[in-house]
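Q: Generate coordinates for the entire structure from the input sequences, incorporating the hints supplied.
Protein chains: 2
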Amino acid sequence: MRIVIVGGVAAGMSAAARARRLDESAEIIVLERGEHVSFANCGLPYYVGGEIEDRAKLLVQTPASLREALNLDVRIHHNVTSLDADTKQLTVQTPTGAQQLSYDTLILSPGAFALRPPIDGLDSPRVSTLRTVDDAIAMRDRVETGARKAVVLGAGFIGIEAAEALRMQGLEVDIVEFAPHVLPPLETEIAVPVTAELRRLGITVNDGIAAQAIEPGADRDTVILSDGRRIDADLIVLSVGVRPDTAVFEAAGVACDRGAMLVDEHGRTSLPGVYAAGDATVSVDRVTGIKRPVALAGPANRAGRQIADHILRPAQARPIPSAVGTAIVRVGELTAAMTGANRASLQQAGIEFDTLHLHPAQHAGYFPGAQSMALVVHIRRGDGLVLGAQGVGPEGVDKRIDVLATAIRAGFTAADLIDLDLAYSPVYGSAKDPVNMAGMVGSNVVDGTLKLWYAEEWEALREESLILDVRSVAEFAAGHLPGSLNVPHTELRERIAEVEAAAAGRAVRVLCGSGVRSHIAHRALTQLGYDSASLSGGMVTVRAVLGDAILVR
Amino acid sequence: MRIVIVGGVAAGMSAAARARRLDESAEIIVLERGEHVSFANCGLPYYVGGEIEDRAKLLVQTPASLREALNLDVRIHHNVTSLDADTKQLTVQTPTGAQQLSYDTLILSPGAFALRPPIDGLDSPRVSTLRTVDDAIAMRDRVETGARKAVVLGAGFIGIEAAEALRMQGLEVDIVEFAPHVLPPLETEIAVPVTAELRRLGITVNDGIAAQAIEPGADRDTVILSDGRRIDADLIVLSVGVRPDTAVFEAAGVACDRGAMLVDEHGRTSLPGVYAAGDATVSVDRVTGIKRPVALAGPANRAGRQIADHILRPAQARPIPSAVGTAIVRVGELTAAMTGANRASLQQAGIEFDTLHLHPAQHAGYFPGAQSMALVVHIRRGDGLVLGAQGVGPEGVDKRIDVLATAIRAGFTAADLIDLDLAYSPVYGSAKDPVNMAGMVGSNVVDGTLKLWYAEEWEALREESLILDVRSVAEFAAGHLPGSLNVPHTELRERIAEVEAAAAGRAVRVLCGSGVRSHIAHRALTQLGYDSASLSGGMVTVRAVLGDAILVR
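Residue numbers (UniProt numbering), protein chains in the order written: chain W, 1 to 553; chain A, 1 to 553.
Check before you lean on any hint, since a few could be wrong.
The list makes no distinction among identical chains, and a pair is therefore deemed to hold if it is satisfied within one copy or across any two copies.
Below 20 Å or equal to it, Euclidean Cα-Cα: the simulated SDA-like pairs (lysine to any residue) are [stated by the list, open to error]: (1) Lys432 with Arg330; (2) Lys291 with Ala315; (3) Lys432 with Ala138; (4) Lys432 with Pro319; (5) Lys451 with Leu22; (6) Lys432 with Val60; (7) Lys432 with Ala295; (8) Lys57 with Gly365; (9) Lys432 with Leu22; (10) Lys291 with Asp120; (11) Lys451 with Val516; (12) Lys291 with Gly241.
Worth flagging that the hints you see were computed from the coordinates, not collected in a lab. As the structure is a prediction and not an experimental result, all values here were calculated from the model.
A: The structure is reproduced here in C-alpha cells:
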C-alpha cells in the first residue's frame, strides 16, 4: 500500500507518523513544496522577535530524522501540479523535472496561502508574509540589517504577533486594520484592553481604516491609508488572512466550497481514495453549524491522525469532531483568548443568546499579585448552553478558556459550570473560580434571578430609567455616568426613599464596579417591587464599550 | 421566616448570602463560635509565611460589612450546645450566657476539628494547629519572636503549606509523615518530585515514620520518632487530619456516618428542616462512589449556595453534585495537583484501570522556558473513562488538572480528550496539548494499539523479557537499567537482527526517556511479530518509582 501525502506540516505530517505507527509495511511518501517539513509555523513570529534565538529550533523534524525514526519518504521541493483520481496519479514538479507518482491512498494537506488584497504596490520587495521558515529568516535578516520602521497590514493573530515581535526588536511599528478593532474575532470588550496594551508597547494602532496603496521609494516604501495618511516603512508585513491552496485539486474534481475542500467526518473528499485535512478544508463549527475553513494547528494535527486511522483500520476510526475554534495570543503582558462562538457568528446563525461579563481575579484577592481579567461568556437563551467565551488579562486567562473550551465540547450549560471542581488554593484560584462564577451568573440569568442590562443600551435607557450607581462615594466621584444617582449598596436599604423619589415610577438600572454589588442591590430592589436590572460587567465594561470620555468626574 | 446558620465560614456564609439575595424579607442569623466569619482559611499558611503581610487581608468580611451589604445578623462567640429538632430550638452559649434560639430552617456548617493522634505530650503549649485566624496570628508571632526550629506533624496539603511557610521565615523545619510519602493522596510518581523540592528548600522530610512522643523542655520541646530519633522544636504544627465537629448534632439525632452528617442531594439531614454542608458532611465520590467527608472550600461554598436555593425555591433547586475532589498545592517552584480518583481509591472500589504516564512540557518545546511536568492519568479498563489525574511540575499543571477535572465531570473517555480544542500558541501550549496527548496514549491503550508495562514490574520482568532501551547511546551511557540492550529507535529497523538474537524468543519490553520513542519502537516490533510493550513514562518514571540507585552507568 502506498500512501502519498501532499504537504508536510501539521495535518500531513501527523497523518504520516500515525500511518507508520499503525502499519510498518506501508510505503509512505510525503511531498512538500517548500524547503522544510514539520516546522514550527506558530513559532515564526517569535524567531523574528528574537525570543527564539536559533533558527534550528524552528525545524522540529527533517526528512532525515523522519526517515530514521519512522521510515518516511519525505521529498522536499516537490510541488504537485495535477491529480488524476481515475488513474490515481499525481504529476509532481521536482528539482530535476516533472514526475508521475501513483498512489493507493492520497491525503491532501496543502494548507493555505496569504490573501493579497487589491492594494497598489503590494508587489514591492519590502512586502512580505510570515508563513514559512524562509519568510521568518528573511524578516529577521532585515531587522538585523537596519530596518527601523515596519507596517503590519492586518491585525489578526499572526499580525499582532508579528507587530509585537518587530517592536521587541526595536522597530517603530504601525498596525493597519480595516475592521473596527484589532483581532476582529474578539468582542470589543476584549479587544479594547489588547489595543491599549499594544499602544503601551509603543505600537501605533490604526484601526477601522484601510491601506490604499504602497508607494515604493528608494530607501523606504510609503503605505498610504484611505484617509490620506502616509506611513514610511522599511518592512511591510502582509497578514490580512489566508485562502485555501487548492486550485490543483479543485481542478481535479475535489468538491470545494469557496476554495476549501469539502470532507466528511473521516476526512474523505468527494474523490475516492482521496482524503484532506487542515487549513484547506471546510470545518463545521460545533456551536453555530457554520461551515468554513479553520486555520488552527491543533485541529489540523488531530484530523491528520484520524485520517490515518480511517485509512488503516476504518472499523475503529472515530469521526473528526466539529470545531470549537479555540485561539490564544500573547500581547505584551496580556493574554487574550477565545473559544466557541462570538457575537457575530451567533447573530449570523440566528441563535438567541445572553452575554455575561465578569472581572474576576486569577486567584484569591487576598493573596498578593491578584489582578483582574475580563471574561465574556455567551449562553443560549432559555437553557443557558455555553456557546462561547473570551478573556483578556495578565494571568490565568488561558486556563479559564481551556476549561470553557472543554465545557463547550461537553455541551455544558451555565448551571453545569457551577458544579466544576476546579483546583483551588489561594495561589491558583478562588473557592469560587471565575468559571464557577460565570456559571452562577449565567444560571441566575437563565432562571430570571438576575436581569442584566448592557453598556451599549445606556444611551437609550438613560431617560426612561433611573441609573443607580451603588459604588462607594469615592468610586463615584472618580468617574460616573452622567445623570446617575449614587447610593452605595451598603446604604441602599436605609436610603430606599431617595431611590423611590428619584425613580419616580421609572425602571431602575443598577451598576457598580464589575457587577457584584449591583447584583446584590438589584435583588433587593426586585423584591421591593422595582423593575430593576444589573449592568453586565459594571463600570469596567462601560469604560471598554463607551469609552472613558463619557464619564463625569 | 427565620433561617439560622451554624458556622460562618465557607458553606454557612455562602448559604447566608445566597438566601438574602433570594429573599429580602427572611430573618437570617449566623452563629459563629469563633471570633471571625468568612475568613480566608486557605490563606492562613501564607500569612504565617509572610507572603500575606497584613492580617486584615485574612478577614474577607466582618459582621458589620455583612449587615450593611446583606442585612445578615452575624453573631460571633456564639456556640451551639444543643439542638431540639422537635421544637426547632437551639441552645447557644454566648459571651453573656446561654440563650434559646428558635428557627424555621436550620443550616449546619460546623466544619471539622483537628485530629489529635495518641502522642504523649501533645498538649504542650508549643503544639498548635493551623485552622483559625488566631492560630495563624499566634504562629507568626512565635516566628517573629524568635522560634528557630519547627516540626510539622502530618504532610497533607496544609502540613506542606505550613512547612514551606515556616521555612520561608527562616526556620529549620522537619516534616514527619507516617505514610510512605508526603501528600499521601498523591501517587508515588507525583510525590517523589514534591519530596525532592521540599528538600531543595531545606526542609527535612521524615516519611514513613511516626512521631511517638513530645517531650516538653524548658527552652524547647523534643519530638521523638518511632525509630528513636529526637528533633528539637520551638514550634510544633499538628496537621494529621480533621474530624467532623458534629457531636452536638449527632446527639440531637442527625444521622451520621463515622461522625460526618449524612445529607441527601439537596443537603437535607435526617431531621426535618435541618440542612448541612461543608467539611462535616458526607460526600459521594463521583468516580468511585465511596462516601466520605471532603474538606474542600469550593464544594462547601457551592453546597451552601444550593441549600439556600432549596430552602427558598425548592422547585428550581439543582442537586448538589457528587465530588470530584480536585486539590492543588504549591511547593517551592513546583505545583502538585490531583483530580478524581487515585490508585488506592480505585483499588478500594474494585474498579479496573490502566495508568498512563506522560512528561510533556507546559508549552511548545521550541519556545524558550519549556519545562516538563509529570502527568499520571487513570482510565477505566475497557472503555477508557477518565477516572483520575495528577500532575507535578514547574508550570502549567493547574491548567491541565482543571481541564481534566472538567473532563471527569463530563464523563469523558480518553478518546474524548483527543478532541478537545485547547488554546494553542507556543507561549501557552502545544498543537497537541498534554491533555490531548493523554487522550491519544489512553485511546491507544484502550484499543490495543499500545501495550504498556510499568516500572514496578521491572524486577519481575527482567529475566523473562529483553529490556530494550531505545534512547540514544549518550542517554543510555548516562544511566540505564541493568541488563538492558541499547538500540536507538532510529536504528531499530537496520539492527533488528540484534534484537532478535538478544530476545531469544522472549518478550521485548521497550523503554525510552518518557515513552514517546518507545511507543514508535513498540509499534514496529509488534508488527514484526514480537510480544512487545512500551514502558509507561519511560526513565523519568523509573527514576521516581525505583530510584536512581538502581541505574547502571
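Q: Each hint: holds or not?
A: Comparing the hints with the structure gives:
1. Proximity of lysine 432 to arginine 330 under the C-alpha cut-off of 20 Å is restricted to the inter-copy arrangement: shortest distance 19 Å between copies versus 26 Å within a copy.
2. Proximity of lysine 291 and alanine 315 under a CA criterion of 20 Å is satisfied in neither setting, with 27 Å inside one chain copy and 40 Å between copies.
3. In this assembly of identical chains, the alpha carbons of lysine 432 and alanine 138 never lie at most 20 Å apart, being 49 Å within a copy and 28 Å across copies at closest.
4. In this assembly of identical chains, lysine 432 and proline 319 lie within 20 Å of each other by CA distance solely across copies; the values are 18 Å between and 36 Å within a copy.
5. In the homo-oligomer, the alpha carbons of lysine 451 and leucine 22 lie at most 20 Å apart only across protomers (13 Å), although the nearest pairing inside one protomer, at 55 Å, exceeds that limit.
6. When the C-alpha separation of lysine 432 and valine 60 is checked against a cutoff of 20 Å, the pair qualifies only between copies, where the shortest distance is 14 Å, while the shortest distance within a copy is 41 Å.
7. Proximity of lysine 432 to alanine 295 under the C-alpha cut-off of 20 Å is restricted to the inter-copy arrangement: shortest distance 15 Å between copies versus 35 Å within a copy.
8. Within a single copy, lysine 57 and glycine 365 get their C-alpha atoms only as close as 39 Å, which misses the 20 Å cut-off; across copies the closest is 9 Å, which meets it.
9. Taking identical chains as interchangeable, the C-alpha atoms of lysine 432 and leucine 22 lie at most 20 Å apart only when they sit on different chains, with a minimum of 19 Å there against 45 Å within one chain.
10. Taking identical chains as interchangeable, the C-alpha atoms of lysine 291 and aspartate 120 are never at most 20 Å apart, the minima being 32 Å within one chain and 72 Å between chains.
11. For the identical chains of this complex, lysine 451 and valine 516 are intra-copy neighbours only, at 13 Å inside a copy versus 52 Å across copies, given an alpha-carbon limit of 20 Å.
12. In this assembly of identical chains, lysine 291 and glycine 241 lie within 20 Å of each other by CA distance solely inside one copy; the values are 17 Å within and 54 Å between copies.
Figure legend: structure checked against the earlier numbered hints; hints not met, in rising order: 2, 3 and 10.
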